[in-house]
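Each residue of the sequence shown is one higher than the last, beginning at 1 in my numbering.
It cannot be assumed that every hint is accurate.
As the list claims (entries may be wrong) - Have a look at the derived ranges for each label pair, beta carbon to beta carbon:
1) D76 x T241: 25 to 35 Å
2) R240 x L219: 15 to 25 Å
3) A53 x P135: 21 to 31 Å
4) F122 x A53: 31 to 41 Å
5) G172 x A52: 18 to 28 Å
6) G218 x R124: 29 to 39 Å
7) A52 x K152: 38 to 48 Å
8) Q91 x R250: 20 to 30 Å
9) Q34 x R250: 18 to 28 Å
10) G167 x E243: 34 to 44 Å
11) R177 x P149: 10 to 20 Å
12) P78 x A52: 44 to 54 Å
13) G218 x S262: 17 to 27 Å
Quick caveat, the hints were computed from the structure, so don't treat them as lab data. Ideal Cβ positions, reconstructed from N, Cα and C, are used throughout, including at glycine.
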Amino acid sequence: MLIGGFRRAAGMLLPLFLLACQPALGATAWRLQQQQALDTAVPALRAVVKSAATETEVRLSLVLPDPARTRLRILDNPGNARGLEQAMRDQTCLAGVNGGYFHPDSSPLGLVVSNGRQLHPFERAKLLSGLLIVPDRQPKLIRVKEFSPSLKPSEALQAGPFLVDRGQPVRGLNSTRPAPRTLILTDRRGRYGLAAIESPVTLADLAAILATPGLFDGLKITRALNLDGGGSTGLWVHARTGEDLYLAERNRVRNFLCVQASP
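Working from the sequences, and respecting the hints, build out all of it.
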């Protein structure tokens, strides 16, 4: 499945570099091949990782906002009316990705809370195994069984499946259906990240990539939750100078995750 490519102004991206010190070949199934920092409003990078077993290359983009300087919001998009780029600009976002699943009539699938207002109730489905919640301005990823209405999050989005838990790949994920992916992650330092996987990859391989120790310097992922993917996969980041970074979605979606500067 093809996805719109990244647009960038000349000179906006910092020079590409190869990782100097990689683990021994037997240490991990995935190795970092290339990484480039982006000159964007929030820290972001593009990377290529490679399977030591199959030589498969996976291209991904990762945004790592500072939770002390930003807030994460769920933006509703009734009728799938706006594309990602327009929605981000309309709400003065610094970065964002597509959100969760939705029904054929564009109504949300699972719990959606935006700015303290519940837009759609909690649902029970095998696919919807986790939630993104923002109970105290600090985004958290939790299992469905860990959720309680008493948490009263200002923002919430039900999605799935869980990819990484306690730093380990979740067992039983599909290993036969590759597709572009979108996800949200948290690390042991309390940070969160948004990622778009441009190369088609299975859920099992994606979980293995995210849980690979030391793959990205200083980032130890503890939990990761899959969002809507395939043709819905999209990522937008505001550039400091030049043209904004935009991995364009093929299909418009019902909601978005938006990183805004803290008021």
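Practice task
Compare the structure with the hints numbered earlier in the document and write down the numbers of the violated ones, lowest to highest.
Solution key: 3, 11
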